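Peer 1: Sequence:
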Amino acid sequence: HGFERTRPAGHLPAQAYIARAKLGRQPIYVRFWRPGDRMTPLGLKQSRKLQDIFVDAKVPRDQRAAIPLFECGGQILWLAGYRIAEGWQVPGLTAASFRIRVQPTASTRSSRS
Numbered sequence: 146h147g148f149e150r151t152r153p154a155g156h157l158p159a160q161a162y163i164a165r166a167k168l169g170r171q172p173i174y175v176r177f178w179r180p181g182d183r184m185t186p187l188g189l190k191q192s193r194k195l196q197d198i199f200v201d202a203k204v205p206r207d208q209r210a211a212i213p214l215f216e217c218g219g220q221i222l223w224l225a226g227y228r229i230a231e232g233w234q235v236p237g238l239t240a241a242s243f244r245i246r247v248q249p250t251a252s253t254r255s256s257r258s
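For the sequence shown, position 78 (counting from the first letter as 1) is numbered 223 according to my numbering, and the numbering increases by one without interruption.
Please keep in mind that the hints were generated in silico from the structure rather than gathered at the bench. Take the hints with a grain of salt, since some may be wrong.
Stated by the list, open to error - 25 Å max Cα-Cα, derived SDA-like pairs, lysine to any residue: (1) K167 / K203; (2) K190 / P180; (3) K203 / Q248; (4) K203 / A164; (5) K203 / G218; (6) K203 / S242; (7) K167 / V200; (8) K194 / L238; (9) K194 / P213; (10) K194 / T239; (11) K190 / F243; (12) K190 / K203; (13) K190 / D207.
Treat the numbers as computed from the prediction; the structure is a model and nothing was measured.
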């Protein structure tokens with residue numbers, strides 16, 4: 146539950162399903178990585194620096210700033226195409242969810258073939 150990967154990590158389009166109950170009425174913001182950003186990836190108990198997640202996923206340094214991330218209530222809930230955060234996953238098949246989908250733009254298609 147949570148992240149649907151139909152293509153290799155980091156490739157767009159990508160989508161994630163997050164728990165509607167956790168979201169509540171809070172807004173979701175889209176932004177890009179900043180040094181020092183942290184999240185707790187699904188399945189882990191401790192937060193990790195996004196820089197470390199990028200290194201583990203072998204994301205080239207020059208591409209990291211172009212990967213959108215989604216934030217709610219001061220927490221990163223999804224690093225698009227890579228990881229969903231612990232606590233934001235949909236808890237079961239019948240639980241209400243919210244789908245986020247990211248599509249590439251013409252400029253990202255040509256640079257990520």
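Peer 1: Each of the hints needs a verdict: does it hold here or not?
Peer 2: Checked hints:
Our distance criterion of 25 Å between C-alpha atoms is broken by K167 and K203, whose separation comes to about 30 Å. Under the criterion of a C-alpha separation no larger than 25 Å, the hint pairing K190 with P180 is consistent with the structure, at around 21 Å. A hinted pair counts as satisfied when its Cα atoms are at most 25 Å apart, and K203 with Q248 qualifies at roughly 21 Å. The straight-line distance between the Cα atoms of K203 and A164 is roughly 28 Å, outside the 25 Å bound, and the hint therefore fails.
Note on K203 and G218: the hinted pairing is violated, with a Cα-Cα distance of about 28 Å set against a maximum of 25 Å. For a cut-off of 25 Å, the pair hint linking K203 to S242 is broken: about 30 Å separates their Cα positions. As the CA atoms of K167 and V200 are separated by approximately 29 Å, the hinted pair breaks the 25 Å bound. This hinted pair does not check out: K194 and L238 have alpha carbons roughly 30 Å apart, beyond 25 Å.
For the proposed pair K194 and P213, the alpha carbon gap of about 15 Å is at most 25 Å, so the pair holds. Distance check on the hinted pair: K194 and T239 sit about 32 Å apart at the alpha-carbon level, beyond 25 Å; violated. The suggested pairing of K190 with F243 holds, with an alpha-carbon distance near 23 Å, which does not exceed 25 Å. Straight-line distance between C-alpha atoms of K190 and K203 comes to about 22 Å, which keeps the hinted pair within the 25 Å bound.
Among the hinted pairs, K190 with D207 is inconsistent with the structure: their alpha-carbon atoms are about 29 Å apart, more than 25 Å.
Figure legend: structure checked against the earlier numbered hints; hints not met, in rising order: 1, 4, 5, 6, 7, 8, 10 and 13.
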